[in-house]
Structure formats: C-alpha cells, structure tokens
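K.L.:
For reference, the chains in residue letters:
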Amino acid sequence: MSEPIIRTKGLSFSYDENKNPSFDVREVHGVRDINISIERGEYVAVLGHNGSGKSTLAKLLNMILIPNSGDIFIDGVRITDENFTEDDVFDVRRKVGMVFQNPDNQLVATVVEEDVAFGPENLGLPREEIRRRVNSALAAVGMTEYARHAPHKLSGGQKQRIAIAGIIAMRPDVIIFDESTAMLDPLGRRDVIEIMERLNREDGITVINITHYMDEASRADRVIIVNEGEVAFDAPAREAFSNISDLHRMGLEAPQGVELMAALRDAGLDVAENVLTSEECIEALNSFLQDK
Amino acid sequence: MISDITLGQFFPGYSVLHKLDPRTKIIIAILSIVAIFFANNPITFLLITIIAVILIWISRISFTVVIRGIKPILLILLFTMILNIFMTTGEGDPLFEFWIIRVYTHGIIRAVFMAWRVILLIVITSMLLTYTTSPISLTDGLESLLLPLKLIGVPVHTFAMMMSIALRFIPTLIEETEKIMNAQKSRGADFSTGSLVNRAKALIPLLIPLIVSSFKRAEELATAMECRCYRGDKNRTKLVKLELRTRDYLCLALSALLLAAIILGAILPYNMPINIAFYDLLFYKI
Amino acid sequence: MNEIIRLENISYIYGKGTPFEKVALDNVCVSFSRGRITGLIGHTGSGKSTLVSLLNGLLKPTEGKVFLDGKDIWENPKEISSVRYRVGLVMQYPEYQLFDETVRNDIGFAPRNLGLSEEEIAGRVNEAAGFVGLPAELLEKSPFDLSGGQKRRVAIAGILAMRPDVLVLDEPAAGLDPRGRRDILGKLGDYVRHSGASVILVSHSMEDMATYCDNVVVMNRGKIYAEGTTDEIFSRADSLSAVGLDVPAVAKIAAELKRRGIDLSGKLYTIDGVRDAILEYVRGGAK
Numbered sequence: 001m002s003e004p005i006i007r008t009k010g011l012s013f014s015y016d017e018n019k020n021p022s023f024d025v026r027e028v029h030g031v032r033d034i035n036i037s038i039e040r041g042e043y044v045a046v047l048g049h050n051g052s053g054k055s056t057l058a059k060l061l062n063m064i065l066i067p068n069s070g071d072i073f074i075d076g077v078r079i080t081d082e083n084f085t086e087d088d089v090f091d092v093r094r095k096v097g098m099v100f101q102n103p104d105n106q107l108v109a110t111v112v113e114e115d116v117a118f119g120p121e122n123l124g125l126p127r128e129e130i131r132r133r134v135n136s137a138l139a140a141v142g143m144t145e146y147a148r149h150a151p152h153k154l155s156g157g158q159k160q161r162i163a164i165a166g167i168i169a170m171r172p173d174v175i176i177f178d179e180s181t182a183m184l185d186p187l188g189r190r191d192v193i194e195i196m197e198r199l200n201r202e203d204g205i206t207v208i209n210i211t212h213y214m215d216e217a218s219r220a221d222r223v224i225i226v227n228e229g230e231v232a233f234d235a236p237a238r239e240a241f242s243n244i245s246d247l248h249r250m251g252l253e254a255p256q257g258v259e260l261m262a263a264l265r266d267a268g269l270d271v272a273e274n275v276l277t278s279e280e281c282i283e284a285l286n287s288f289l290q291d292k
Numbered sequence: 001m002i003s004d005i006t007l008g009q010f011f012p013g014y015s016v017l018h019k020l021d022p023r024t025k026i027i028i029a030i031l032s033i034v035a036i037f038f039a040n041n042p043i044t045f046l047l048i049t050i051i052a053v054i055l056i057w058i059s060r061i062s063f064t065v066v067i068r069g070i071k072p073i074l075l076i077l078l079f080t081m082i083l084n085i086f087m088t089t090g091e092g093d094p095l096f097e098f099w100i101i102r103v104y105t106h107g108i109i110r111a112v113f114m115a116w117r118v119i120l121l122i123v124i125t126s127m128l129l130t131y132t133t134s135p136i137s138l139t140d141g142l143e144s145l146l147l148p149l150k151l152i153g154v155p156v157h158t159f160a161m162m163m164s165i166a167l168r169f170i171p172t173l174i175e176e177t178e179k180i181m182n183a184q185k186s187r188g189a190d191f192s193t194g195s196l197v198n199r200a201k202a203l204i205p206l207l208i209p210l211i212v213s214s215f216k217r218a219e220e221l222a223t224a225m226e227c228r229c230y231r232g233d234k235n236r237t238k239l240v241k242l243e244l245r246t247r248d249y250l251c252l253a254l255s256a257l258l259l260a261a262i263i264l265g266a267i268l269p270y271n272m273p274i275n276i277a278f279y280d281l282l283f284y285k286i
Numbered sequence: 001m002n003e004i005i006r007l008e009n010i011s012y013i014y015g016k017g018t019p020f021e022k023v024a025l026d027n028v029c030v031s032f033s034r035g036r037i038t039g040l041i042g043h044t045g046s047g048k049s050t051l052v053s054l055l056n057g058l059l060k061p062t063e064g065k066v067f068l069d070g071k072d073i074w075e076n077p078k079e080i081s082s083v084r085y086r087v088g089l090v091m092q093y094p095e096y097q098l099f100d101e102t103v104r105n106d107i108g109f110a111p112r113n114l115g116l117s118e119e120e121i122a123g124r125v126n127e128a129a130g131f132v133g134l135p136a137e138l139l140e141k142s143p144f145d146l147s148g149g150q151k152r153r154v155a156i157a158g159i160l161a162m163r164p165d166v167l168v169l170d171e172p173a174a175g176l177d178p179r180g181r182r183d184i185l186g187k188l189g190d191y192v193r194h195s196g197a198s199v200i201l202v203s204h205s206m207e208d209m210a211t212y213c214d215n216v217v218v219m220n221r222g223k224i225y226a227e228g229t230t231d232e233i234f235s236r237a238d239s240l241s242a243v244g245l246d247v248p249a250v251a252k253i254a255a256e257l258k259r260r261g262i263d264l265s266g267k268l269y270t271i272d273g274v275r276d277a278i279l280e281y282v283r284g285g286a287k
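Protein chains in written order, with my numbering: chain V, 1 to 292; chain R, 1 to 286; chain B, 1 to 287.
A portion of the hints provided could be inaccurate.
[Stated by the list, open to error] Under the rule of at most 25 Å between Cα atoms (straight-line distance), these lysine-lysine pairs were calculated in the DSS-like manner: (1) 16(B) x 179(R); (2) 16(B) x 153(V); (3) 22(B) x 153(V); (4) 216(R) x 59(V); (5) 22(B) x 71(B).
No wet-lab data here; the hints were simulated from the structure.
This one's a predicted model, so the numbers in the text were calculated from it and none came from an experiment.
Construct all of the structure, not just a fragment, from the sequences and the given hints.
P.N.:
Laid out in structure tokens, this is it:
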C-alpha cells in the first residue's frame, strides 16, 4: 500500500501554550494525541460538537497552526520538521486546500474570476495556465456564467462555490471543508455537497468534510469523531452511528432513520441494527412490519 | 441613501474609454489636472470643456449620471463661489457696494470660472478613472505605475493589495452596518433623533460590534489567503496583464498635444501685440 | 381574537423607481396566532426576511397594512419604536450585536432604552438570563469572553428582557451543533407557556418546523405558498417538495412505508411521532 496522504502521530496542540493571537480562541479546544491516517482518495467526515477541536485539527494539517508535539506527514513528507523553509510550507498549502465556513471572509477580489485566479497567481503559474485553470475550476462548480460578476452580489451558496473554485484551481491533493455548509441554506448546502462528492469521485481528490450535519457525515466513507480534543471514534460511517447513546453523550445525533430504529429498539421492538441510510431503514421496517 | 451617490462608482461597459489601459487613463487624468490648473482664459476653458463633453460622449454614460455625480459637491462649490465674489478686488468701480462688501465684475467672472474648474476636474477624473475603470484594474494600474518606487523600498504590492481588499469589503461592511443597525433598533436604539451628544453615544452599540466583527473578518481573510499560498508578490504572476496597445499610445500622444496647446493658450497671448475686442474676450485673464 | 399579528395585502418593493427594482413581497395576507409557535419557512429570496423586518416596523410596507393586536402599526409613525418593544426581533447571528462591557449591561440595553428603573432592569435581566439558561456568574463577564453558543443566548436574552408580546427569531440555531440547537429551540415551548407570548420561528429546516412549531407558514417567491397547522402542512409533503423544501428524512420514511401498504397514522414527521405510529401499528396488528 502506498504512503497515506495524511498521517499524524501523537499530535498535540493547545492554544494557551502558543499564546496564539487569534480572536476567537476561548471557545475552542486544542487537540491531544491525535493519531490518524487518511489514504489518497478517501472521503472522510470529521464530526464533533462546537469547540470540540475539530477545526483546530484541520488548521494543523495545512500549517496554519504549528503543533506543540507530535508529527504530521503529508504525502510522506514530515511537515513538522524544524528546518522547514517558507517554500516547504508553500508546498504543503498547495497540496492541502481549505474551504472555510464564512464565504464572505475568503473571497479577496472584486471580480469572481480574479478571485479564482488568486491561488494560481500565488503559485506563479504562467498566464495561459492560470486562465485554463480558472475556466475549468469555474466550470467544475457550475459558475462559468458568473465569471465577470462581483462576488458580493451572489448568494451564500454561490459565494461558497466560488471559494471552492479558488481552491480547485490550485489543483490540491486534499481539500478540507471546515464547516463550509454551516452558513448555507439547504439548496446551497446541497450544491456544495454535490461538488465535494464529485471532486472526490471523479477527480480522486481526498475530501475531508468537517461538519455537524449528520446527514452529510453519513455519506462519507469514514467518520472521525473528535470529542474534547481527542479522537473518540474513527471507523466507517455505518459503525460510527451504531452507538447512539455515545453520540448523544458527545452532543451529537445520528441521521433520523438511525435515530428512529434506535428509538424503536428502546421501545422493545426487535428491528434490525446496522442501518445507515433512509432507504435501508425503509427496507428494514418494511420487512419487519409486513410480517405483523 | 448611500447607494444614491454616483460619484466614485464604476459603470461597467465596453466603450473605448472602458477598454483603455488603466495606466493610460491615470496618466491622462494627471495631464488633465495639469491642464485644468493652467487654464486661465475662456479659450482654454472652452477647449477643456469640449474635451470633457467628448469623453462623456464616447464613454456612453448618460449625461444625467454625470450631473448627478456633481450634486454632492454643489454646496462646496457655492461656498467657494461666494468667497471668490466677495474676496476679489478688481480695477475700476465696483458693480455694487453694500456695507463693507464690494462686488466687482472681475470677481463674478473669477467665481464662475473657479466653479467651472472644479466641475471640469471632477467630471474628467471620474470619467477617466472611477466611472469607466473597475476598482481592481485601477489598483493594478497604480501598482504598475508605482513599481519603480519598489527600488527605494516602498511596498507597492502590499499597498495595492490592501487597497483592492478594502474595495472588495466596502459593500460587505455596508451590509453589515445595516444589519447591526437593525438589530440595535430592534432593541430600541435610536440613531436619528436627540442631541448631537446623544446621537454620538447612540453610535457606540453600532461601532463596537462593527469593529469586533471587522477584526474577525480580517483574521479569517488572512488565514484564507495564507491557505491559498499568498506570500506577497514573491514569484507572483497575474491573470490579467496590463498591455499598452496602439489606442493607448494614440490617446497618450493626443493628450500630450492637447496639454501643450492649453499651456500655450494660457501663456502665449500676453506677449502678442494685437489687441482687438474679440481677442480680449477670448483671452480675458481670469 | 386569536390572532396577534395580521398582514393585509402587503407588498414590499426594494429600490422602487430605480433600475434595480425588486419585488420582495407580493400582496401577502397572513396572520399569526396568539400564544402559539408559528414556523416561517422558505428559501433564501422567498421574502421571509423582508416579512420579518415588516413585523416590528424596521421596514415600512410599500403597500398594505400590518396589524398588531388589531391596531395598524403605522397609524402613527412616530410611535413605531413602541412596536419594536412589543415585537421582539432576534436577528440572524445575533451574537454580532453584543457591545456592552458586561453581559448584564448588554441584556439590559433594551430595558434601559425603555426608560425602566434600575431595579426593574435588574429584575428583567435576571429573568431573561434565567430563561435562556445563562448561569448568574456569567452576567458580570464581558460578552466577548463567552463561547459562541453563550453569546447567542445573551443576544436572545437581550430581546426577551423587553418582555415582548411577540418573539420573532430568525434562524436562532444557525451554525450550532445538534445539542446547541436543541437547547435553544427546546426552550421556546417553555417560554410560550410561561409568558403567554407568541413566537414566530424563521428557519430553513423542516425538522425544526416539525419538532417545535404548532403552525407553519410556507413562503415561496414573495408569496404565501401554504399555511396551516403543522399536521396539515406535513400531510401535504409532496407540495413542499414541489417548491424544493426538504421534508424531514423520517417523514419520507413514513410516507414510503405507507405507500407500501403499512397503515400508519399520527404525527408522521417527527422521530417520536413515527415511533409511536409504528408501535401503535405493531400493537394493532398483534390483536
């Protein structure tokens, strides 16, 4: 098996020790002893309640934050190396792109296509290549017709698609979505999820979706649950949602179908365990109830 | 309303004026300013006025928009005119006298031309710069023109980046201000009545949240920019490269010629021996 | 009279007379019941935010009238601020409106604007803080030292302290995790029972509508698309899907089971409702 795209070993970070000048640190946890390994092309959801430390983890992976201890390997390169130069950091950020929560606060330019070009421009690519990447990135998020528009006139979902295009244009190996759907309406959310899954499926981009929408998490191949700065769970989605009481204890929920099955079991019905999607839930209940 | 002000706004379009390189427009704007300050007689003013009208005409922006753009400064104009009329002392008898105020014909003429000069200044610079040049290309143009300053250590790129980010966030901040204002109004805050002191006090619940959220925005934006590999202008390329075309050179040459003509028109006449009434009128020194 | 707010033939046009003219509300007639939680749902751009701003007089309708307790709120425009105290509006992401040095003063901002005595203000602050579950020791802290969820509560308490007759909340749980959502939305029922006030809850989430609301108003493209009790609205789930609103997953499950001939009945749009219906079905079948 090839080297995982992301691997961490005993990774720890705490905000006070670093005297981080950030404005909004009070509510966030650091992380403790994180050991995860993500393969190239995986689709991983990271769950956790507000302030559980899941965003901190993301910021460590592309060197926005520097860990207190432990190691991170990106594509086999140890990025926690003390001798890392500015160019090396640059390389890591090119490989690991990140889309944030508030679409307004990640758009830099007053014209959509110039915003998408921002990353490639920083990479120092030749003009023709930038143009090609901007066009294909805008097409990938379905925003080609808005190329010359001003971003502030777009809807939240559209802005977030532009932000994604800006990352795609850098051709990263991994894209981390840090609660990128939290501020969107259902339609905007659906668009963003569709795009992230298409990028994973068709372009083989490793997708890490940090979220607290359970329906989003249940679509991923694998779910990592972060609780109070530690990895509480790391398994395929189906298993992650099988222990409802643990989820509730961590301030989370399971998708509605899973919750329903658990509620029925609690009420003494012998319905199937191990369902994940609504479809599975329907099949299981159907066969259970048709017999009655 | 904030959105009613047309001064400083960009009107997208495809006219020749829109297509000119921003650097060309910046240079022509500077030449025009020089010309307007040299102009000192009816003939030179007439020439510049014709140029202004031609600019408006080729930009295909409606005259009403341009006139609306002048509105916000009307008060200042009126004030300078009045000052000019009262403060100018002329030769011969005053037009009329009242108490210590003496109004001379020369004063009135001077005031009119003073106002005209300011109007020309605003019309020409906004035609060339804001109305027909997008903020971002204006910034690009400035950055490129100021590039030589980099040699003496001026952070030209950083400066241009700051400017374009400021432009990008103006609408966002206006929106935010409106939101917070509504939120505080919903809690009974009153921004529009009361004494000046009370109104200033009423701004605190607006300003503090605005500042706090701007800092948060700034921090998030900085993180997002770093994530997109931003590290100043080191090895940075551009999607849109500024390129001077034939039309730019033509316009620059034409502007230089016109400037020369205006300067000549402003300086030469006093050395000319002829003296006829019409000539006097055209070259009446203001 | 069982309605607290009634909107009659309301139209609202942004930028009327400019080239950017946009009709946000088009001849809307709707009323909100007294002492109930009414959900207001619709897509971005459906006009629900505009409608909310009309309820407490932040916007003045282009046409039509807004009645609060049977009285036209714009009858005397100078008294519009009294309407703002009676219709408390919690805006989206309200934590951004916090500004004062202490949580106590921030919650007391509206009562102070009302001109109440210090004693009365203190009483209201404590009451409001209690309602949203803010521990007393937080009252002396700076609001900027609190976590996101706590800030949200402070902001909501700041409106509750006005003791409004109608409490309007625009996406009060946006961006919160499941526990935070439950904490805030779950309190609304208690609040209504306790204070007798009416609540209007604006949300994108059909789950929230199903779980917390007595009545639902659905908006689409500047018009009222449907209104009724939660039961009535969810019994017509197909028409909701037609305007692109997502029915809760559990409602879809129940609908599909019914389609396959399993005769369920009851509140088939919440987890508890479907659970009870299935238990009922099983017991009935066993007979």
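K.L.:
All the hints need checking, so say for each whether the structure fits it.
P.N.:
Results for each hint:
{"no.": "1", "hint": "16(B) x 179(R)", "in the structure": "holds (21 Å)"}
{"no.": "2", "hint": "16(B) x 153(V)", "in the structure": "holds (19 Å)"}
{"no.": "3", "hint": "22(B) x 153(V)", "in the structure": "holds (14 Å)"}
{"no.": "4", "hint": "216(R) x 59(V)", "in the structure": "holds (16 Å)"}
{"no.": "5", "hint": "22(B) x 71(B)", "in the structure": "violated (28 Å)"}
In the structure shown, a violation is registered for the earlier hint numbered 5 alone.
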